[in-house]
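Given chain A, work out where chain B should sit, using these hints.
There are 2 protein chains.
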Amino acid sequence: MIIALDGMGGDNAPIDAVGGAILASREFGIDIALVGEPQLLHAELERQGAAAQAIQIVSASEVIGMDEAPAQAVRQKKDASINVAMQLVKKGVASGVVSAGNTGAVMTSALLNLGRVPGIERPALGTLAPYTEAGILVLDVGANADCKPNYLVQFAQMGSVYAQKVQGIPHPRIGLLNIGEEDTKGNELAQEVFRLLTKSGLNFVGNVEPDRISMNVADVIVTDGFTGNMAVKATEGAAEFIFRQLRDVILSRTQYKLAAAILRPALLKMRQRMDYGEYGGAPLLGVNGVVIITHGRADENAIKNSIRRAGETASSGLLETLRGAFSRRHPAAVSSDSSATSV
Amino acid sequence: MIIALDGMGGDNAPIDAVGGAILASREFGIDIALVGEPQLLHAELERQGAAAQAIQIVSASEVIGMDEAPAQAVRQKKDASINVAMQLVKKGVASGVVSAGNTGAVMTSALLNLGRVPGIERPALGTLAPYTEAGILVLDVGANADCKPNYLVQFAQMGSVYAQKVQGIPHPRIGLLNIGEEDTKGNELAQEVFRLLTKSGLNFVGNVEPDRISMNVADVIVTDGFTGNMAVKATEGAAEFIFRQLRDVILSRTQYKLAAAILRPALLKMRQRMDYGEYGGAPLLGVNGVVIITHGRADENAIKNSIRRAGETASSGLLETLRGAFSRRHPAAVSSDSSATSV
Chain A
1 MIIALDGMGG DNAPIDAVGG AILASREFGI DIALVGEPQL LHAELERQGA AAQAIQIVSA
61 SEVIGMDEAP AQAVRQKKDA SINVAMQLVK KGVASGVVSA GNTGAVMTSA LLNLGRVPGI
121 ERPALGTLAP YTEAGILVLD VGANADCKPN YLVQFAQMGS VYAQKVQGIP HPRIGLLNIG
181 EEDTKGNELA QEVFRLLTKS GLNFVGNVEP DRISMNVADV IVTDGFTGNM AVKATEGAAE
241 FIFRQLRDVI LSRTQYKLAA AILRPALLKM RQRMDYGEYG GAPLLGVNGV VIITHGRADE
301 NAIKNSIRRA GETASSGLLE TLRGAFSRRH PAAVSSDSSA TSV
Chain B
344 MIIALDGMGG DNAPIDAVGG AILASREFGI DIALVGEPQL LHAELERQGA AAQAIQIVSA
404 SEVIGMDEAP AQAVRQKKDA SINVAMQLVK KGVASGVVSA GNTGAVMTSA LLNLGRVPGI
464 ERPALGTLAP YTEAGILVLD VGANADCKPN YLVQFAQMGS VYAQKVQGIP HPRIGLLNIG
524 EEDTKGNELA QEVFRLLTKS GLNFVGNVEP DRISMNVADV IVTDGFTGNM AVKATEGAAE
584 FIFRQLRDVI LSRTQYKLAA AILRPALLKM RQRMDYGEYG GAPLLGVNGV VIITHGRADE
644 NAIKNSIRRA GETASSGLLE TLRGAFSRRH PAAVSSDSSA TSV
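Chains A and B supply the protein sequences, listed in that same order.
The first sequence begins at 1 in our numbering and counts up one residue at a time.
The second sequence begins at 344 in our numbering and counts up one residue at a time.
Excised from the complex, chain A in its bound form (with noise of 0.2 angstroms):
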């Protein structure tokens, strides 16, 4: 199998790609297809020693920087190493394609080049919150900053099928993130999705306040993009908050130093647990490949993880299951609007 890598995405491109697709060739056996400039990645692979790995690059004369207007830079810059990524699933070559790279030029990449599923009205990407073993799905967190009702039960349907293929989870629970417990609860689209997903024949077990995700209550969590990148960028703040301050509060005092660091094996793996990012990435979810997003800052680790999970995510057979179940359920539904709202 090989996965695409966007050699020239994240923060610190093209080092942690590099490093991540190195320890993904090693660890997981996995062929790599690095995508981006030829010589500054050669340079690169040769500097961390990568010889003898899988690791084959591929050219891309452009790039897409972080903040740069995702629909237009990725429409301009044909070359871009996002686009050649994309076309290497998009031309069968490829199995999946993982980026660290301006999450909106990826999602609208993947709109252009693989398009959706059929059937499917709007991509969803998601994430896999830190809670438990495998993670508990929340969608959507970015990829559609305003939602109709059918689009959360569809993103409800693609994460059931995301939590039975990808995670084992034979029967997913999901449930709707809102802000209080009773179908009353919540603006107008919550609403609504509450007496659609209660009629969807979906394990629907109501909504979650975004406080009790981590109490293991639902395996798949949904909102509109809005809403989910909302709850995702306070929980990631509260957490830096509070550890940049118990670093500050442990460095006031001398006899405060002594004892973190006993404590400090533990609070590094407390530290570890809430990142995301060993969790392998963000899934965009309902376009036809399979794509998965780290974060810009994503370490080699990161890398290496978001590898492994877009192998184990094109091996699961939940392209073929989201065709089939989509297909069935709308059997004339491919919309003329391939369009998607990025955040």
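It is worth saying that the hints were derived from the structure and are not from the lab.
In this text, a Cβ means the ideal position worked out from N, Cα and C, and glycines have one as well.
Please note that the accuracy of each hint is not assured.
[Stated by the list, open to error] Coverage of chain B stretches by chain A, computed from C-beta distances (three or more under 8 angstroms per stretch; other residues unrestricted):
1) 427 to 433
2) 483 to 490
3) 530 to 537
4) 555 to 565
5) 568 to 574
6) 591 to 602
[Said to hold, decoys possible] Across the chosen pairs, the derived CB separations fall in these ranges:
7) B:615 x A:28: 41 to 47 angstroms
8) A:131 x B:409: 22 to 28 angstroms
9) A:131 x B:600: 34 to 40 angstroms
10) B:410 x A:76: 52 to 58 angstroms
11) A:252 x B:513: 49 to 55 angstroms
12) A:11 x B:527: 20 to 26 angstroms
13) B:477 x A:131: 47 to 53 angstroms
14) A:72 x B:477: 39 to 45 angstroms
15) B:410 x A:12: 47 to 53 angstroms
16) A:243 x B:535: 32 to 38 angstroms
[Said to hold, decoys possible] Derived lysine to any residue pairs resembling SDA-like cross-links, with alpha carbons at most 20 angstroms apart:
17) B:600 x A:253
18) A:185 x B:410
19) A:269 x A:135
20) B:612 x A:148
21) A:148 x B:587
22) B:600 x A:256
23) A:257 x B:358
24) A:269 x B:593
25) A:90 x A:61
26) B:612 x A:244
27) A:269 x B:587
28) B:421 x B:408
29) A:269 x B:588
30) A:269 x B:601
31) B:612 x A:149
32) A:269 x B:583
33) A:269 x B:592
34) A:148 x A:195
35) B:491 x A:149
36) B:600 x A:264
37) A:165 x A:269
38) B:508 x B:671
Positioned in the frame of chain A, the structure of chain B alone reads:
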């Protein structure tokens, strides 16, 4: 000055309400009208030894439970403690209301009994995020699940006045809670509000992502009640998860327990710093009276701080300034629609 305190509101009523009333009366010399079931309150006051304090019991025969449907309960139980407390303000007997009861019921009761400041379309629930000395005001965090763009502009105007009058910030920086910094980010509502705030004449500093609230980039941050409630609950949830994990980790090994004993005062201080209760509750802005809502699990200390905050708010001139500002802005804006979607 007299503050009306809902003696029957809160998970632990009337114990913490009575305790908070005693503390506030003793420390700040604020007279308390303690509203609720007289025999119960009298017994609790006696048990806590409040004989010498200026606390007067005001009788109310009904109680609204934490889980009751607010709109119905407030209308049916005319003699509920929260309704009686609001009427004390309406009649000019008390200068403000404090309640740790059912948030939806307090909001509904305030609207029904006090009405809105003329010109204000929807009251908003604010919270003071505990990241600065004065606290960063975030609103709406739960009064209006669905908002029109203009509501958020009014939230910004109210928040700006609150920051000036109550928090003493001369030129409050106004931010818009959003999922990215650029003006093209967010859902349709956020994008439209961004445009309106830019030309509002307020000191608008742009979008603020939830993970940047703690970085003191704005004094007042506006959002719709669904998103605001989501962000607050996600933040609290993350904090609770981390402290729970920390406790588990500490208890897992003897040397961790010893180290944690040394760090204990610092950890408690940190935990306290994340505790919204320390900041004196959430102001309900836009109703025609001073109303402070605290957590259902507010302890006597949080109740005490809320009473102080109610007193400070009443003497700050906030309401008078709001009345002046909004009557100028909207000379004939007393809408006939007095309902607000409570969440």
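Okay, the hints, checked on the actual structure:
Counting residues of the segment 427 to 433 of chain B whose beta carbon lies closer than 8 angstroms to any beta carbon of chain A gives 0, which falls short of the minimum of three for the stated coverage. Requiring three or more residues with a Cβ within less than 8 angstroms of a Cβ of chain A, the coverage given for the segment 483 to 490 of chain B holds, as 3 such residues are present. With 3 residues carrying a beta carbon less than 8 angstroms from a beta carbon of chain A, the segment 530 to 537 of chain B meets the three-residue requirement, and the given coverage holds. Coverage of a stretch by a chain is defined here by at least three residues with a beta carbon nearer than 8 angstroms to that chain's beta carbons; for the segment 555 to 565 of chain B and chain A the count is 3, and the condition holds.
With 5 residues having a beta carbon nearer than 8 angstroms to a beta carbon of chain A, the segment 568 to 574 of chain B meets the requirement of three or more and the stated coverage holds. Interface restraint, the segment 591 to 602 of chain B with chain A: holds (8 residues with C-beta to C-beta distance below 8 angstroms; minimum three). Range check, residue 615 of chain B to residue 28 of chain A: Cβ separation about 46 angstroms, and the 41 to 47 angstroms hint holds. Distance hint check for residue 131 of chain A and residue 409 of chain B: the Cβ-Cβ separation is about 27 angstroms, which falls inside the suggested range of 22 to 28 angstroms.
For residue 131 of chain A and residue 600 of chain B, the Cβ-Cβ distance of about 25 angstroms falls outside the hinted range of 34 to 40 angstroms, so the restraint is violated. In this structure, residue 410 of chain B and residue 76 of chain A meet the distance hint of 52 to 58 angstroms, their C-beta atoms being roughly 56 angstroms apart. For residue 252 of chain A paired with residue 513 of chain B, a C-beta distance near 32 angstroms fails the hint of 49 to 55 angstroms. The hint said 20 to 26 angstroms for the Cβ distance between residue 11 of chain A and residue 527 of chain B, and at roughly 22 angstroms that hint holds.
Roughly 34 angstroms separates the CB atoms of residue 477 of chain B and residue 131 of chain A, a value that falls outside the hinted 47 to 53 angstroms. Taken as a hint, the range 39 to 45 angstroms holds for the pair residue 72 of chain A and residue 477 of chain B, whose Cβ atoms sit roughly 41 angstroms apart. At roughly 50 angstroms, the beta carbons of residue 410 of chain B and residue 12 of chain A sit within the given window of 47 to 53 angstroms. Look at residue 243 of chain A against residue 535 of chain B: about 36 angstroms separates their beta carbons, and that is inside 32 to 38 angstroms.
Between residue 600 of chain B and residue 253 of chain A the CA atoms are separated by roughly 19 angstroms; this keeps the pair inside 20 angstroms, and the hint holds. The suggested pairing of residue 185 of chain A with residue 410 of chain B holds, with an alpha-carbon distance near 12 angstroms, which does not exceed 20 angstroms. For the hint pairing residue 269 of chain A with residue 135 of chain A, the CA-to-CA distance comes to about 16 angstroms; that is within 20 angstroms, so the pair holds. Under the criterion of a C-alpha separation no larger than 20 angstroms, the hint pairing residue 612 of chain B with residue 148 of chain A is inconsistent with the structure, at around 44 angstroms.
Restraint check for residue 148 of chain A and residue 587 of chain B: not satisfied, since their Cα atoms lie roughly 37 angstroms apart, outside the 20 angstroms limit. Annotation: proposed proximity of residue 600 of chain B to residue 256 of chain A holds, straight-line Cα distance about 13 angstroms (limit 20 angstroms). At most 20 angstroms may separate the alpha-carbon atoms for a hinted pair to count; residue 257 of chain A and residue 358 of chain B exceed this at roughly 40 angstroms. A C-alpha spacing of about 12 angstroms is found between residue 269 of chain A and residue 593 of chain B, which places the hinted pair at or below 20 angstroms, so the restraint holds.
For the suggested pair residue 90 of chain A and residue 61 of chain A, the alpha carbons sit about 19 angstroms apart, so the restraint of at most 20 angstroms is met. For the given pair, residue 612 of chain B sits about 14 angstroms from residue 244 of chain A by alpha-carbon distance, which is consistent with the 20 angstroms threshold. The hinted pair formed by residue 269 of chain A and residue 587 of chain B meets the criterion: a straight-line CA distance of about 14 angstroms does not exceed 20 angstroms. For the hint linking residue 421 of chain B to residue 408 of chain B, the alpha-carbon distance of about 14 angstroms falls within 20 angstroms, and the restraint holds.
Annotation: proposed proximity of residue 269 of chain A to residue 588 of chain B holds, straight-line Cα distance about 10 angstroms (limit 20 angstroms). Note on residue 269 of chain A and residue 601 of chain B: the hinted pairing holds, with a Cα-Cα distance of about 19 angstroms set against a maximum of 20 angstroms. At roughly 44 angstroms between alpha-carbon atoms, residue 612 of chain B and residue 149 of chain A are farther apart than 20 angstroms, so this suggested pair is violated. Distance hint between residue 269 of chain A and residue 583 of chain B is fulfilled; the C-alpha atoms sit about 17 angstroms from each other, no more than 20 angstroms.
Simply put, residue 269 of chain A and residue 592 of chain B have alpha-carbon atoms about 9 angstroms apart, close enough for the 20 angstroms limit, and the pair holds. The hinted pair formed by residue 148 of chain A and residue 195 of chain A meets the criterion: a straight-line CA distance of about 13 angstroms does not exceed 20 angstroms. A C-alpha spacing of about 19 angstroms is found between residue 491 of chain B and residue 149 of chain A, which places the hinted pair at or below 20 angstroms, so the restraint holds. Between the alpha carbons of residue 600 of chain B and residue 264 of chain A the distance comes to roughly 13 angstroms, so the proposed pair stays at or under 20 angstroms and holds.
Pair hint residue 165 of chain A plus residue 269 of chain A does not hold up; C-alpha atoms about 29 angstroms apart against a cutoff of 20 angstroms. With a C-alpha separation of about 18 angstroms, the suggested pairing of residue 508 of chain B with residue 671 of chain B holds against the 20 angstroms cut-off.
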